[in-house]
Amino acid sequence: MKNKKNGKGGFITTTLNSVLGWGRKFSLFQYPFITACCGMEYMSVACAHYDLDRFGMGWTRFTPRQADMLLVVGTITHKEAPVLRTVYEQMTEPKWVVAFGACAVSGGIYDNYAVVQGIDRIIPVDVYIPGCPPRPETIINALIKLQEKIQKEGHEWRFQRKRS
Amino acid sequence: MKYRIQQEAREDTMLINMGPSHPAMHGTTRVMLELDGEKIINCELEMGYLHRGFEKICENKTYFNMLIYTDRMNYVSPLINNTGYVMTLEKMLGIEAPERAQYIRVILNEFSRVCDHLTALAAMCMECGAFTVFLYMMKAREYIWDLMEQTTGARMTTSFIRVGGVRSDFPFDWKETTRIAIDETRKVLKDCHVLMSKNKIFLNRTRDVAVVTPEMAINYGWTGPCLRSTGVKYDVRKAFPYLVYDQLDFEIPLGERGDNFDRYMIRMQEMEQSLRIVEQCMAKIPKPSAPTQQVTKGMEPNEAIKASRTKKPEGRIKLSPNLEGTEKEKYPGILAGKKYIIPPKEDTYTNIEGLINHFKFFMRGHGIRPPKGEAYFAVEGGSGELGFYIISDGTDKPYRLHLRAPCLHIVAALEEIVRGNFLADIIPTFGSMNMIGGELDR
Amino acid sequence: MAISKEKILEDLKQKFSDNILDITVQFGDDIIRIKKEVLLDIVSFLKNDPYAFTMLLDLTCVDYMGDEERYEMVYHLFSLSHKLRLRFKTRLQENDCKIDSLTPIFKNANWLEREAYDMFGVHFSGHPYLRRLFMYDGFEGHPLRKDYPLRKQQPKIQLRK
Numbered sequence: 000m001k002n003k004k005n006g007k008g009g010f011i012t013t014t015l016n017s018v019l020g021w022g023r024k025f026s027l028f029q030y031p032f033i034t035a036c037c038g039m040e041y042m043s044v045a046c047a048h049y050d051l052d053r054f055g056m057g058w059t060r061f062t063p064r065q066a067d068m069l070l071v072v073g074t075i076t077h078k079e080a081p082v083l084r085t086v087y088e089q090m091t092e093p094k095w096v097v098a099f100g101a102c103a104v105s106g107g108i109y110d111n112y113a114v115v116q117g118i119d120r121i122i123p124v125d126v127y128i129p130g131c132p133p134r135p136e137t138i139i140n141a142l143i144k145l146q147e148k149i150q151k152e153g154h155e156w157r158f159q160r161k162r163s
Numbered sequence: 000m001k002y003r004i005q006q007e008a009r010e011d012t013m014l015i016n017m018g019p020s021h022p023a024m025h026g027t028t029r030v031m032l033e034l035d036g037e038k039i040i041n042c043e044l045e046m047g048y049l050h051r052g053f054e055k056i057c058e059n060k061t062y063f064n065m066l067i068y069t070d071r072m073n074y075v076s077p078l079i080n081n082t083g084y085v086m087t088l089e090k091m092l093g094i095e096a097p098e099r100a101q102y103i104r105v106i107l108n109e110f111s112r113v114c115d116h117l118t119a120l121a122a123m124c125m126e127c128g129a130f131t132v133f134l135y136m137m138k139a140r141e142y143i144w145d146l147m148e149q150t151t152g153a154r155m156t157t158s159f160i161r162v163g164g165v166r167s168d169f170p171f172d173w174k175e176t177t178r179i180a181i182d183e184t185r186k187v188l189k190d191c192h193v194l195m196s197k198n199k200i201f202l203n204r205t206r207d208v209a210v211v212t213p214e215m216a217i218n219y220g221w222t223g224p225c226l227r228s229t230g231v232k233y234d235v236r237k238a239f240p241y242l243v244y245d246q247l248d249f250e251i252p253l254g255e256r257g258d259n260f261d262r263y264m265i266r267m268q269e270m271e272q273s274l275r276i277v278e279q280c281m282a283k284i285p286k287p288s289a290p291t292q293q294v295t296k297g298m299e300p301n302e303a304i305k306a307s308r309t310k311k312p313e314g315r316i317k318l319s320p321n322l323e324g325t326e327k328e329k330y331p332g333i334l335a336g337k338k339y340i341i342p343p344k345e346d347t348y349t350n351i352e353g354l355i356n357h358f359k360f361f362m363r364g365h366g367i368r369p370p371k372g373e374a375y376f377a378v379e380g381g382s383g384e385l386g387f388y389i390i391s392d393g394t395d396k397p398y399r400l401h402l403r404a405p406c407l408h409i410v411a412a413l414e415e416i417v418r419g420n421f422l423a424d425i426i427p428t429f430g431s432m433n434m435i436g437g438e439l440d441r
Numbered sequence: 000m001a002i003s004k005e006k007i008l009e010d011l012k013q014k015f016s017d018n019i020l021d022i023t024v025q026f027g028d029d030i031i032r033i034k035k036e037v038l039l040d041i042v043s044f045l046k047n048d049p050y051a052f053t054m055l056l057d058l059t060c061v062d063y064m065g066d067e068e069r070y071e072m073v074y075h076l077f078s079l080s081h082k083l084r085l086r087f088k089t090r091l092q093e094n095d096c097k098i099d100s101l102t103p104i105f106k107n108a109n110w111l112e113r114e115a116y117d118m119f120g121v122h123f124s125g126h127p128y129l130r131r132l133f134m135y136d137g138f139e140g141h142p143l144r145k146d147y148p149l150r151k152q153q154p155k156i157q158l159r160k
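Residue numbers (numbering that gives the first Met the number 0), protein chains in the order written: chain X, 0 to 163; chain B, 0 to 441; chain U, 0 to 160.
Hints are supplied without guarantee of correctness; some may be wrong.
Once the Cα atoms are required to be at most 25 Å apart in a straight line, the calculated DMTMM-like pairs of lysine to aspartate or glutamate come out as [said to hold, decoys possible]:
id, chain 1, residue 1, chain 2, residue 2
1, B, Lys-371, U, Asp-99
2, B, Lys-371, U, Glu-68
3, U, Lys-151, B, Glu-54
4, B, Lys-371, U, Asp-146
5, U, Lys-106, B, Glu-214
6, U, Lys-145, B, Glu-54
7, U, Lys-106, B, Asp-207
8, B, Lys-1, U, Asp-99
9, B, Lys-90, U, Asp-28
10, B, Lys-286, B, Asp-182
11, U, Lys-106, B, Asp-395
12, B, Lys-396, U, Asp-146
13, U, Lys-4, B, Glu-214
14, B, Lys-138, X, Asp-52
15, B, Lys-138, X, Glu-136
16, U, Lys-151, X, Asp-110
17, B, Lys-189, X, Asp-50
18, U, Lys-106, B, Asp-182
19, B, Lys-396, U, Asp-28
20, U, Lys-82, B, Glu-255
21, B, Lys-396, U, Asp-29
Think of the hints as simulated: they come from the structure by calculation, not from any bench.
If we strip away everything but chain X, and leave its shape as in the complex, we get:
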């Protein structure tokens, strides 16, 4: 079909995209890269009161090889930056990154010699969650936005390196 050669996709590929998006968004395996205080709010949102499991994100995989969502929770310092980069590169495609908390978004209240001013200086980020620490409702809102993003984006089901 003409459309398919241009890469814009016809009826079949858009349906396949939306089915893949539906499948991927409701079964996110997360890898919480926890460093600092925001970890307390993460623990709170993952437990019984504000449950994350009802959105499909209950299983915390403690290894990057089995995860597809990297949650960077807390401050990243220059000493930790190579570790974060290595963990990101070990994850397999498709992968999404969520910057959780003010320190991960932009360095937070720490503007000094030791803190990276935002993790988007190291890895590409999909969703930014502000707050110091963010309330559980904010986190759930942000994760729903991530799910909408996953639903709408184009998916390649063959192996392809998407971004650096």
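Based on these hints, arrange chains B and U on the given structure of chain X.
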């Protein structure tokens, strides 16, 4: 420079790395091990992955601005850090908070201590495999955070304790919320005792593992629950009483053997003692200087500002619901020391003295300026003696601020006590030491 | 048996009379300024009975830039049996910032001295493993000195953007 463990390693052993991003490392520490099969021969710990430059920032910010950074040190019990910092400043300035404010501080400190122990034990038990205990303890913590949120406005990083007292009074229904928090925590503690304290698997993993003698603990500078688990009776609340602890009746649980199980048990007992302290405070707290009820009658703020252009407005002014508890009538009970506190909002917006006091508090060059000198003050934190050492040169910024982090001394001993044990013993040992990254690395 | 603080200070003054510069009280804390050569002697003297100052609470350094004796080491000692805290201070020259290490006496001095070396550049002679504690290998400079700018970053990996 090669690591010490690489320089000392034998040829037939395996060097393994439990890297900075590890689920059992409570954040970010790196443990390097030399293993012979499963037995640990040598161990080295590398930290500093969360060093955020707290002490350098202190030299560039005013005393009031520094308050928010102290919350994020030991982030599981933030109000205790606030109290330590503020009481060091009060020692230098020579002021004392009103009695009701001291009781409010004690109640919130003890709830913070309960949160600290809950988080530590929940993480330790989860890593040993008991996931249910983690969920139960997080549930109890939510009820405590409800009270914190209603009083201070934030669940975790509160910045509530100020020089001269506390920022605002309790809301009008605080006794019910506190009662619910205490009851739910007691229920959770009872359930967790049933699940863990006589559990054969847990006992096998923690009994007689990583035993620490009292002499070794004192030599390493241990304080807090870890020191009390070895049998040494030292608690800053009893040795150097501050706030109203000398008027309250509570016990100090002591351990016998200094192993992991004792550290776990001491924390469970200390939570019960903290809840007893809160109940006594609820009974003894003096009445507020104005009745605690919702303010529904009074002038609207914009009317009061308009009226103040010609003369001083009389009568009560209704503040916005966000500022509930900080009304002018409540001030004698919660804040003292006129030069070092934020004036009440009714004064700031309607008369010139209030405006000038507000201006003088916040502007650079004015504000809290302790006299020249230095002071050290310690409070009992969740992990031990949390000390603040402040050197002031008379200006509004500290010359040097040093935090005596209790976690540093406790974790420094890990390298020695883990030798000779198996690899899987590191997990409960590290968990029972309650390492908090923000305090260790500052 | 309980010894009062005044007796301890008296005994110290008697034994190390010319090496103690002065003893002051500020905001209720006792501060004893000493010469750096006698640090090990004083600490071992106080650790034994009957004084029993068996715990090193804290060890830190202060930078007075502009003074001839730039660095000041501060030690807090604590006695569990008498519930007493003492603070010892000693000054170091800028071009000779070396002092004896307390690692033979107190084990937590190991990490505390590594921290002081990392942040200020003070050398401790006799320390078994003087290596940076907070900052990474390859970081140049000592951050807590007054002439190190607050925002000077030395990234370890190549940053994007």
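Outcome of the hint check:
1. B:Lys-371 to U:Asp-99: Judged against 25 Å, a Cα distance of about 30 Å means the pair is violated.
2. B:Lys-371 to U:Glu-68: 20 Å, holds
3. U:Lys-151 to B:Glu-54: 15 Å, holds
4. B:Lys-371 to U:Asp-146: Distance ~22 Å between B:Lys-371 and U:Asp-146 Cα, so the pair holds.
5. U:Lys-106 to B:Glu-214: Roughly 11 Å separates the two Cα atoms, so the pair holds.
6. U:Lys-145 to B:Glu-54: Roughly 12 Å between the alpha carbons, so the hint for U:Lys-145 and B:Glu-54 holds.
7. U:Lys-106 to B:Asp-207: Given pair U:Lys-106, B:Asp-207 holds - Cα atoms ~23 Å apart, limit 25 Å.
8. B:Lys-1 to U:Asp-99: Judged against 25 Å, a Cα distance of about 24 Å means the pair holds.
9. B:Lys-90 to U:Asp-28: This hinted pair holds, its Cα atoms lying about 11 Å apart.
10. B:Lys-286 to B:Asp-182: Distance of about 24 Å is within 25 Å: holds.
11. U:Lys-106 to B:Asp-395: 37 Å, violated
12. B:Lys-396 to U:Asp-146: Given pair B:Lys-396, U:Asp-146 holds - Cα atoms ~17 Å apart, limit 25 Å.
13. U:Lys-4 to B:Glu-214: Roughly 24 Å between the alpha carbons, so the hint for U:Lys-4 and B:Glu-214 holds.
14. B:Lys-138 to X:Asp-52: Satisfied, since the Cα-Cα distance of roughly 16 Å is no more than 25 Å.
15. B:Lys-138 to X:Glu-136: Within the cut-off at roughly 17 Å; holds.
16. U:Lys-151 to X:Asp-110: 10 Å, holds
17. B:Lys-189 to X:Asp-50: Satisfied, since the Cα-Cα distance of roughly 24 Å is no more than 25 Å.
18. U:Lys-106 to B:Asp-182: With Cα atoms ~43 Å apart, U:Lys-106 and B:Asp-182 exceed 25 Å; violated.
19. B:Lys-396 to U:Asp-28: 22 Å, holds
20. U:Lys-82 to B:Glu-255: 22 Å, holds
21. B:Lys-396 to U:Asp-29: Holds. B:Lys-396 to U:Asp-29 sits at ~24 Å (cutoff 25 Å).
Violated hints, in rising order: 1, 11, 18; the structure is consistent with all others.
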